[in-house]
Each structure stands twice: as structure tokens, then as C-alpha cells.
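Trainee: From first to last, the protein sequence lines stand for chains A and B.
Residue numbers for the first sequence, in full-length UniProt numbering: 1 to 647.
Residue numbers for the second sequence, in full-length UniProt numbering: 1 to 256.
Just a few of them, taken from the derived set where beta-carbon distance is under 7 Å, the chain A residues facing chain B:
hint : residue
1    : Leu226
2    : Leu348
3    : Glu349
4    : Gly351
5    : Ala366
6    : Thr367
7    : Ala374
8    : Pro375
Hints were generated in silico from the structure; no laboratory data involved.
Glycine included, each C-beta is placed from N, C-alpha and C at the ideal position.
Residues per chain, in single letters:
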Amino acid sequence: MLNTLLPILLFAALGLAVLGALRRVNMWRRGRAAKVDLLGGLLAMPKRYMVDLHHVVARDKYIANTHVATALGFVLSALLAILVHGFGLQNRILGYALLLASVLMFVGATFVYLRRRNPPARLSKGPWMRLPKSLMAFSVSFFLVTLPVAGILPADFGGWLLAALLGVGVLWGVSEMFFGMTWGGPMKHAFAGALHLAWHRRAERFGGGRSTGLKPLDLSDKSAPLGVEKPKDFTWNQLLGFDACVQCGKCEAACPAFAAGQPLNPKKLIQDMVVGLAGGTDAKFAGSPYPGKAIGEHSGNPHQPIVNGLVDAETLWSCTTCRACVEECPMMIEHVDAIVDMRRHLTLEKGATPNKGAEVLENLIATDNPGGFAPGGRMNWAADLNLPLLGDKHTTDVLFWVGDGAFDMRNQRTLRAFVKVLKAAKVDFAVLGLEERDSGDVARRLGDEATFQLLAARNIQTLAKYSFKRIVTCDPHSFHVLKNEYGAFDGNYRVQHHSTYMAELIDAGALNLGQHKGNSVTYHDPCYLGRYNGEYEAPRQVLRALGIEVKEMQRSGFRSRCCGGGGGAPITDIPGKQRIPDMRMEDIRETGAELVAVGCPQCTAMLEGVVEPRPLIKDIAELVADALLEEPAPAKTPNSREPAEVH
Amino acid sequence: MTTHVISLVSIGAHPTSGRPRRAEQDARAVELGLQLAGDNLQVLHAGDIAEPTLRAYLGMGLAQLHVLEQPAGADALPVLGDYLRDAGAQVVLTGSQAETGEGSGMLPFLLAEQLGWPLIVGLAQVESIDSGVAHVLQALPRGQRRRLKVRLPFLATVDNAGPKPRQSAYGPAQRGLLQEHDVQVVDDELFTGAVLQPAKPRPKRLKVIKAKSGADRMKAATAKASGGGGQVLKGIGPEAGADAILKLLIEEGVVR
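My request is simple: use the sequences and hints to build the entire structure.
Mentor: Structural data, given as C-alpha cells:
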């Protein structure tokens, strides 16, 4: 009886799966066009899956091994089951192979089950709680129905009752695994995930690459929407990417805004986008809600505006663009891109940047700095330093990009310290002075692509007038924008963060450094230096050169927690239960360090905003400047003059 | 029936950088107009249509902006007056003082005189417009408001007590239409013939803190402006009235 039933079940489920896949593909195709290498992506997909994606998943060994066993077991079982039970190739060797595969899958499923017995809050419940049981039903059923094929048991073993039971088991298994994969069940992640990896919008991320710069809007194309209003305004591969989400909640656990009780949960946001692309309400979402917002009150469809239907605006404005979610996501989904896309619509079309947003953007247009300070005061901090201007010199080794911190009294101390270091190292450097403008970072994160492109174009125009070997800046935000986002507008430069440059100077022996005196030190990784640009080592190297042993925080390096100052978050200022910098200060206090070294004006401002008593906050440049010895060392250049020989 | 509202706008200058921007008070006049008339608001500018800053007003969500084309240095007063009379405007809103050009703040007064309309200075809010009569709130110093009844059509200036202008968005600013109107150019001889020189900052009045306690300071900050020695003259002849005024002017040092 099973011999007739199994092929029917298998092929019916497969047929339905194909139908579901077509339906799903059509949903994605509602999105806008995207430049993707379709075939090349598909060919590269297995490697992306097994290498790049596995690297991310393998940060959690338990689930990595579990997933390898389950997924490998399932793929092999499914293929063999189609051969053996679908096409009736009742070969003994195939039978044994299928038995082995289903055992492997069962072992994996058992560990999935164990993880799900007492699941952490970040995991979604609902249908996901059913999945381990479905996996077990699939593997156990196929194990048992294959026993006769392998010749271990007689074909008519167990009678009709067992046959019926196995039939039900197989039905359950194939429903979840084949049918559910394309009709929106938990297994959807395998189908959409594989295609998402193939047609990812940032293919450069695979193979150890990094791609963090936001993609520009083509403002000259009048027919293109300015940002994303409705789900169909996303590109089709963004929609596909949302569908790949496994709801593991790693993003939720890493998100500073979620932890602070602001109404953002990256996982829920992605699921809301799935609701948007498929149509419906968020009532079925079985994970943590946006803090302070009930589930089931929002709904949407591909042709309906997202904001204030599907997602509230303050959810989008809570994001600090720290990229912790993107870094953690085992599916390599691009949350920040989606958020900025939706912000672009709010700012460019609706003029609805909250709180100080409008004022800051207006200031950027009228004064080239977010504070609205008189542009003529940009160099006041250096009135007594006699800095060489690039406008006078035209050529220099190092262009010191000062940034808008020039208007901030706290940051001026950092800038002056860095100038002291540059002078001590006898570096040939210059500044742009009054020709410098805001890099456009804040405007872009607030969604004002037009103002960003205006500032970028003017800065690029200025930089094109001069010749320099590299740009060095104390501000990771300017660093990121100059390095990664000006390229799209033909501004390609060698840009370094001051920590990287100082590490080079120290390596070259250009600085005569003493030791850091006194208190123990920890280091806070700025998001835009670390996660955005992968620079974790240079600042630590500089600190080591000062004789500092960094007391690392639990969340450091690529897991560093944001200070709360990125993405225009201090400007939009969405209320939460606590402040992000307070949480970060708690991380700092846990190390017992009396001083925290930072490398970013935003981080400095946010952390110094925490009420005393708290550890001291000092920029790396200040620490280096403090440790400089009065008499600079004689230059240790290899081509120093040899003593003349006397005959 | 919706009221026909026209807001007059000019090109502003940012206070620290001096770069052109939408003028703060004019933007408030547009905001008030949008709240009053919504999409029916008409916005009018007399000047150069090529000025990109005009788009900052369109960015507030206007479909179009009417421009009475005239070069810099031309007198905006006669063309505005003609246009407003012909357009059948019922409420005309404008900032109290331009940020560029002469910036004398005289335009609303001269315009009202030319049209023969009543002028409200410092309009804060329009409460109702009913059968040709509007009830409005006028802003007075220290947050005080005076309720006025005024017949249509009228002209009103908006200062910083007006509603905060909405954000100017890029999309609508680019799509909005600049509607050109040809007008007869009249030279503003008073302006072109004059020599401009940087203003001297007005000397600051010394701040003498008399208050001894927080309560006193609070009182000083919130109390109504009181002239003190003012007197109301009623039912006296013009001679006596003029005498009283002259006496006051001499006392205040206006006339010596």
C-alpha cells in the first residue's frame, strides 16, 4: 500500500512546492529592478552558503553543528527519498544511504528540539516550535519506510496500522519540508535563503569582502521613487532577502535600540517587511514585539505605504545604523539598507524627519555643518596652531580631515592632541580649513540623499583641486563616508582613521613615546571603524605601544555595542526606557577600567554624557599626545647617513 | 466656501552663513496659509524665477508657486498690489520683515495702504472665518494674545509667534511648478539709489537685575508690560491732544 501512496505524497508535495515557489517568486518580482548577476550568483551560491554563511553561523558552535547535521541529512534524505520512494529505485545501497541520511537528520533534529525546549527570548515561537517535531516526523518516517528497502525488515512488516501511521508521518514531513518551504512555513528560509545568497545585493560581502557603504539614489532619474514608500519600492532582491529570515533573533539580541526599550526590533522589522510583501497582518508574529508596541495592530500589503500602516515611523528612526544586526545575521540580511531606504522616503518625500532632524538638515544646506555654526569659524579651534592650509600648499602627504567636531569644544581637545602627534612625528600634513564641509554622513543616515550628494559633490570638487597621498581623520563617520561612499561619485581616496595612521607612525618609529601613566584602560570600538571598516587591531596596537593592557569588554570587536550616537539617533531622539550610552557605560564599568579609550567624536560625546561618577573618556589621540616625550627621537630611517670612512 | 489665501514669500538669508534660504517668517506665513487653505493656498513671490531657493517653499508641499518676474532692485510693491487686487485674495499673509534686500518691514504697511485693506501685525492664529469676518489672534509680547475681529479682505504679517514651518522636502521641491507671470518692471529708486552699509549693532541695554528672589524673577518674566505713567485722553480737542503728544515726545527724548 505504501508503495503506491509514497510516490503520490512525494510528488504531490513537490508539485505544490513548485507552485508555491512560483507564487513566491512572483511576490518578489513586484519589487523594482536590481543589477544582479543571475547565473553567476547561482553558481557562486553553494560556496557562499558553505563558507561565508557558515562562518557567521559557526560563531555559535552548537547551532552550527546542529544545522550541518539537520540540513545535510535533510537534503540527502529528500534526494534519496525521491529516487527510492518516488521513482521506486528500490536499490539496497540507496536504501542504506537513505537510512544513514535520515539518522543524521534525526540527530540534528534532536538537537534542534533540545534548543527549543527552553528557548531564549530572541527565538521566535509559533510555527518554529513545531519545526523540530516536523523534522523528526520526516526523518523517522522515512527511516522506517526505508527499512524494507534496505532488506532489514520484510516488506509487509507491521500491517496496515503501521503503514497508515507511517503514511501520516510522511505526509506531515513532506508537508512541512516541501510544501511549507515555498508556502511560507518555517522552512521557507531554506528556499528563499539559498536564492538570497545567490542574488544578494552586496555580492562583495562574500569571500571575506566588506561592503558597508549605502547605495546611492539616482536623483537624475525622475521616474525612480525617492526611497521606499511601499514594499514594492524595494528592489526584488531586497524582498527576497527579507524572506530568507530564520527568525533566530541574533539581531534582536545585538540591537542597542531594542535593549534600550526603543520601539525597534530588527527581527520584527524584517518580518513586517515579509508581511508587507505578501500582504496580511503581523498577528501571527511569534517573537518579541517592538518594545512598547502591541502585536496584531499593524497590517500591510505590497501596494500600501509602509509607514503608519505596517511600521510606525519611530521604529525606523530608532536605528543607530550600528550594523550589529547585519553583522550577526546568519542569513546576511541587510537591515540597515532597508531602514535607510524607508527613511529616505520619509525625509525626501514627506519632509517628516522627527525632532531636530529638519533643523539639522537645513543647517547642513545653509552652513555645511549640522550645528548651524558660522562656516567662517571652522578653524577657530586651531587659531594658535598655525596649521598649513592645503589651499596654500596644494600638495601634501597627509590631508588631515578635521570633520564637524571642529565646532565642538570637547572634540577640539582631540583634534589639538592629534595635531601635536602629527607635529611630533614631523609629518608633512595640511588641512582644508574653511574649504572643508560636512562629509554628509548625518544627512545620508537621516535619509536626505539629496543633501548628502550635494555635500559629497562639493567636497569631491574641492579635493580634486589638490594632490595628497592620503586622508587621515579622527572621525570614523567621515572616514567611512570618504572611504566607502564617495567612490560612487568618483571620489576615490586612500583614507585612514587616525588610529591606523598613528599605529603606522609608531611602527615606523616616528614617535618618541613614553608609557601611559596610571589607570587601567578599556577600549570602545566605534561601529563605523569596526563593523563598517574592519579596523579592530590598529587602535589596540597603539594602546599596547603606550604600555596599556586593554581590559576588553564582553562586547568588543565586531560585537561592540553602539554608543547610541550613530545614524542621526541623537537628533531624532526616539524615547526608550533607558539610554544606549548608559548601557554602554555599564559594559565599561564591568571591566573595572578607570579610563575608556575611544576613537570617535560621537562616542566621546555620548559616553561623556553619562552622569558622573564614571570612568574617564579619552580619545586615542589624547592618550598618545599625553605620552609623547619632550625630545623627539632621532629619526630611525634606514637611509640615515653612514659614518664616513677615514683612510 | 474656502477662503482665498495668498502667502507672500521672499528669499531669506541664513543668520550665520548669509546663504540664501527660505525666509523664516515667510515660511511661517506659508505654514499658516497651508493650515488655513490647504491645497488652495496660493504662494506668491516677486523676483527672479531662476532663484533655486524658491524651491525650498515648494518643498513644503506646494504644487506651484507664482512668480511675478522682475530683476533685483525692482520695486515689488506696485506689482504685488496689482496682482493681489486682481486675484481676488481675501487673506494675504506675509513675514514681518525680509531677511534680504531693504528689509525695512514696510512692505506690508505700504501694501495695505495701497489696497486699502486692514493690516494685522503679528498674526498668530486664525480662529474662524465666517461670512466675510475673521476672528484672529494677534501675538503680543510675552506670549500674550489679543483676539481681533477683522473684515475680509485683510493683510497680516506673521512673525516668530506664527506656527513653526513644516520641513521642506526634496521630492515635492523638485516636482513643484514655478509659475511665471510677466509684469511691468518698476525701478525701486529708493533702494537702487541708496548706498548700503553694514549695520552697526544696536547698543545693548544694560540688564539690571532688581529681583531678589526666584519669585520676583518669575514675576518680572511673566508680568504684563506696563508703561506705568500712561494716560487715556478722551473727549478733548485736537489742540490739547497734540499738546499732550508733543509733551510725551519731548519727555521721551524723541523730539528735542
